[in-house]
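Those protein sequences? They're chains A and B, same order as listed.
With this note's numbering applied, the first sequence covers 1 to 175.
With this note's numbering applied, the second sequence covers 176 to 428.
Everything labelled a hint here was simulated from the structure, so no lab data went into it.
Where is the CB? At the ideal position from N, CA and C, for every residue including glycine.
Heads up, a few of these hints could be off.
[To be verified] Taking beta-carbon pairs under 7 Å as the criterion, some of the chain A residues facing chain B (in silico):
(1) A65
(2) A98
(3) S149
Chain by chain, the residues:
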Amino acid sequence: MSAPSRAGRPRARAAAELDAKTVWAALEDVKDPEVPVLSVVELGMVRDVAVAAEGVRVDITPTFAGCPAFVAIAEAVRERVSRLGAAAVEVRRVLSPAWSSDAITAAGRAKLHDFGLAPPAVHGGALLPALEAPVPCPHCGSLDTRLRSAFGSALCREFYTCRSCQEAFERFKPV
Amino acid sequence: MTLEPPVREALVARLTAMADDELILGHRDSEWTGHAPILEEDIALANIAQDEIGHALLWLEARRELDGSDPDALVFGRGAGDWRNVRLVELPKGDWAFTMVRQFLFDVFECELLSRLRHSRHVPLAEAAAKAAREEVFHLRHSGLWVRRLAGGTAESARRVGAAVDLAWPYLPQLLAPQPGDALLVEAGIVPSPAEVGAAAREHIATTFSELGVAPPDVPPNPGGRERHSEALVALLIDMQAVARADPAAEAW
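Throw the hints in and build the complete structure from the sequences for me.
Here it is, written out as structure tokens:
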């Protein structure tokens, strides 16, 4: 992943024509395969975009260390930026500072809610109090919900039930 | 931060040991997939396994930066004699009580280690530790809850917790023991003092067990260093490495 890959496309345009803003906008098209309503930008995975004459470099950070989607996401980022006509695209995996669910944007949180996935509580580093706080049901808004398991259908999710509307739902894990 | 060759060598060994512990424990956890007592726990153990294997990758990537080694080659190409995990994690998965007791002991140790390792002067290590620490919080809450639930449950579940602690206890000292190159690494501010981590872990475990009325046995530690393994590891590796051996060119996804 650290080795730059050459797009080598006939319609490759001079890197000078590309600017970082265009690249950021294009990255909104790259979705997380496990949370398909969120882009990598909304997830807060994109740390930096650098455009130079030689090509484009995108720094992304994994959400969960063992997330199997990361390889696919990195490849999708590379492919999307290549399609902008960049001469070369390098996608770097950066770990610092460690990703936190606090990095999910306000727009991203609204999309999670509409998707039926409760957004993670904003914790500002105080994770344990955030885990004890009540979680509103994304279906009916009730706070009378119960954690069934801290582990759900993907590393980023935990499993709840709502006592008011009796529906089961998942929450994006605060980390 | 440029590392002197002896320090680098010690760090490579330390990272390998950390990765091997996580990977073998993750594999043992993964053996419950499809077999756990209830669906929620099947899912939980699969998640925990995936996290532990992810943490192993963090340490192996940090090792790759030091010596250029390929994580896949290390995981799928080494025979039992070259693994450096502790024997606690290679013991067969046993029953649910043993799985949760072993996970609890390991999670306590890992939380105490990571909370200090995140201040390492070796930046890649501090970064990886900060990442893993957030995920370990969930593991410890989960395994701690299960040990409480089982110890305070029925006579049978309490008996099984006692038997699990009896089985795991002689293996705990090896997990908490300093490794050969640790003195150099501690001096360089790269890893926390194993004595300090070990004491904190022991205190945490002792407090929990005393609340639950669980009495660990008074037995000598299982002897030998990390190069010594049981037959259980050989069987695990045969299973874990089978696909890579059959198709060395196989790739993820």
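Hints, verified against the model:
This hint holds: A65(A) has a C-beta 4 Å from the nearest C-beta of chain B, less than the 7 Å allowed. At a threshold of 7 Å, the smallest CB-CB gap from A98(A) to chain B is about 4 Å, leaving the interface hint in force. For the restraint placing S149(A) at the interface with chain B, the shortest Cβ-Cβ distance is roughly 4 Å, inside the 7 Å limit, so the hint holds.
Checked against the numbered hints given earlier, the structure satisfies every one of them.
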